[in-house]
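Undergrad: The listed protein sequences derive, respectively, from chains A and B.
Taking our numbering, the leading residue of the first sequence gets 3, the next gets one more, and so forth.
Taking our numbering, the leading residue of the second sequence gets 7, the next gets one more, and so forth.
Keep in mind that the hints are not guaranteed to be accurate.
As the list claims (entries may be wrong) - Far from chain A, some chain B residues (derived; all Cβ distances over 10 Å):
hint	residue
1	152
2	183
3	200
4	222
5	227
6	327
Unchecked claim - Derived, one-sided and incomplete: chain B residues facing chain A with beta-carbon distance under 10 Å:
hint	residue
7	206
8	210
9	215
10	220
11	228
Hints were generated in silico from the structure; no laboratory data involved.
Built from N, CA and C at the ideal position, the CB exists for glycine as well.
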Amino acid sequence: MVAPIAPASVSGAAVPLVEMTDIDKSFPGVRALAKARFELLPGEVHALMGENGAGKSTLMKILSGVYTRDAGTVLLNGQPVDITSPRQAQDLGVGIIHQELALMRDLTAAQNIFIGREPRRFGILDERQLNRDAAAIFASMNLKLEPTVRVETLTIAKQQMVEIAKALSYRSRVLIMDEPTAALNDAEIAELFAIINRLKAEGVGIVYISHKMDEIKRISDRVTIMRDGEYVGTVPGADTPIETIISMMVGRTLSNDTLVIPNTADAPIALEVKNLNRGREIRDVSFSVRKGEILGFAGLMGAGRTEVARAIFGADRRESGEIWVHGQRVGISSPKDAVEAGIGYLSEDRKHFGLATGLDVRNNIALASLQRFTGPAGVLDEAGMQKEAVGYIRQLAIKTPSDTQEARLLSGGNQQKVVIAKWLLRDCDILIFDEPTRGIDVGAKSEIYKLLNALAAEGKAIIVISSELPEVLRLSHRIAVMCEGRLTGILPGGASQEEIMRLATLRQSSVVESATQRKTA
Amino acid sequence: MTDTAAPAAKSGPRISGAFHRLLAFSGLIALVVAFSLASPNFLQTQNILAILQATSVNGVLAIAATLVIITGGIDLSVGTLMTFCAVVAGVILTYWGLPLPLGILGAILAGTASGFVSGTIIAKLKVPPFIATLGMMLILKGLSLVISGTKPIYFNDTPGFNQIALGSAVGSVFPAVPLPNGVLVLFAVAVVAAFVLSKTALGRYTFALGSNEEAVRLSGVNIDRWKIAVYAVTGAICGVAGLLIASRLNSAQPALGQGYELDAIAAVVIGGTSLSGGRGTVVGTLIGALIISVLANGLRILSVPQEWQTVVTGTIIILAVYADILRRRAL
């Protein structure tokens, strides 16, 4: 099904697939784009970079017909076009893989891929043809997946692959990937890059939005940088130092401040977990975190790190195991118990679990502490809530017009800070961060790092689960490594990446992993 | 990619789907067995036919409601729409004296038109389905009274009309099995609806809309059009229900109808269709409707007072949904 697309008409003289110039776009109260520019050549991987809120996604949503522009011109293959709907964009050969997975969970993989253009015979859906077509796309992607499997039952990584298959099935000449690797592990990223390279060879132009610098360096031919809705510049991908790109993104040079590791070895133990078990996901996990310490959790996807966090927090039942907080054994069977014990959990999926996106910033911050603001007649003390919220907005430097702004309108990094504020207000002194910087841009990342360091310095005990090794290495006093539900080791902060990876792939998994890699190679 | 997730992923939905139908179905069987043991009068041909006949109207309405509920919407107007369609048939046949096929066509078109209006209000004006169809429920109730002149309309001048539900095409061939036509109509509607849901684009979008409407929109599908189509089909099926009930009573009763929507939604829910959309089956709804009728019939045979029957039905609804929640948790 993947279209055999004619190779690009050689080199520099090629007509750009896409030329966007002077694009303006405003939303009520926000100027999202101002004279934004972008150009994409056939067979090119063009990275689009910028901090959250820089306008990358908005620009690409205009190209893919989700939004319509206020001003400016869009040329496709040199022809001016007016793209007014996602359908029209598809017909023009522009495909997009959205950052927030846009799949129908109750449908099968094949049904998702061909939604809106199901093969029919005499007006009746031809399910067999549908599954055959999907299987062909999967085969071309070197992906082992049953077309008839329900998307709901797939891992996030597999769902992402379904999204990519869907975009490929449109025979797109322009493919926009918005954070395609956010949920993928290294092997899966390699698969994705192989697919990208093949598409490239076929002359497809790929817009690659990502915050991960190493990926940008590996895959992109050119990089266009945006800031505050404006075009900053375009540089070659391979030859431009990362520092240059970052300084173009943030408009300043970031100090690469290394973590000052205070000695926490003598500090009292804040949280101790003993022999935690839950099915095959968590097997006999024991560890402790001291006051003022940041304990990193490393491991491959599915190693059981999030499961451990959720079990400690009482979000999932545990089969056995003890949890001790400040030397007291606590019975935690629900998140309420955990919060009362002073444990806060910041989930990786902020939109679904961490943030009440429909509520404003003030109410989100106060959400876990409403009892404190409830007056004798049961009436909420709005003034008190506002005072606290404003205090945290200032203390954590949350970028928001006011405390009554709806939380969903904030950028990812600032949403993260709102959730942090919520737990701080609730007096949680043990904080579990699950992928704290997923989907957050470089500038905001470094702010979150500083914030975590500051919180630790204040004596909070912090657990950071992260799939990005540099992040774990940079933040952690000690690093716990998990593999297949087991804690395979706890390393000191200065450990090497190789050591971590060795522990992360220890035992059975090392056999399985290499076997699959051979198969797919 | 690792293969480890694949087997679990494959087995998951199949087990759950089969399990679910099994649960509702075994509930139905258990009821039938229990009532048969409790009373010798229950498992008689006459009584079984009576149960099926009693299921036909609610069953058809429940199938209508199933479609919109799978989209993640709701239709509170199915009951009064049914009445409205019956009244329209009465006006065409009795007041205007037109031939029977036109009356049938008129009722179904009236239902389709009303569903089209509901769908348009929901899709284009973005009024939430609950509110839009609550409004339509009252509008249709009032219109039924208006066009009928607040009086029942009798079909005494249209001799064939009561045969729609009460005649027995099967019985004329096999006198031993006088299966009423109304039941045949119910099965026919069920078969067609099941076919539409599983084999046509309309069915596919019905599930897709309930699963993730935004994703459907981003896939370039005109979601407004399909949403309106689903409500229109639901309306058309309500038209069929209107014909059935009018035929059974040999009259269009303009004051009847309100409350039927709740029985219909109850059948849908007992049958395992999720009120949050994205999943559901016609077979499940059929079983749900049968459970409600069997309960009513069996309890009546056991001389349980009417008021207690309602209490039992309510309890069953809650238990059915709780069983579904338990199942999901176990997965």
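Undergrad: Indicate, hint by hint, whether the structure satisfies it.
TA: Now for the hints, and whether the structure bears them out:
no.: 1; hint: 152; verdict: 39 Å, holds
no.: 2; hint: 183; verdict: 32 Å, holds
no.: 3; hint: 200; verdict: 13 Å, holds
no.: 4; hint: 222; verdict: 6 Å, violated
no.: 5; hint: 227; verdict: 4 Å, violated
no.: 6; hint: 327; verdict: 18 Å, holds
no.: 7; hint: 206; verdict: 6 Å, holds
no.: 8; hint: 210; verdict: 6 Å, holds
no.: 9; hint: 215; verdict: 9 Å, holds
no.: 10; hint: 220; verdict: 7 Å, holds
no.: 11; hint: 228; verdict: 8 Å, holds
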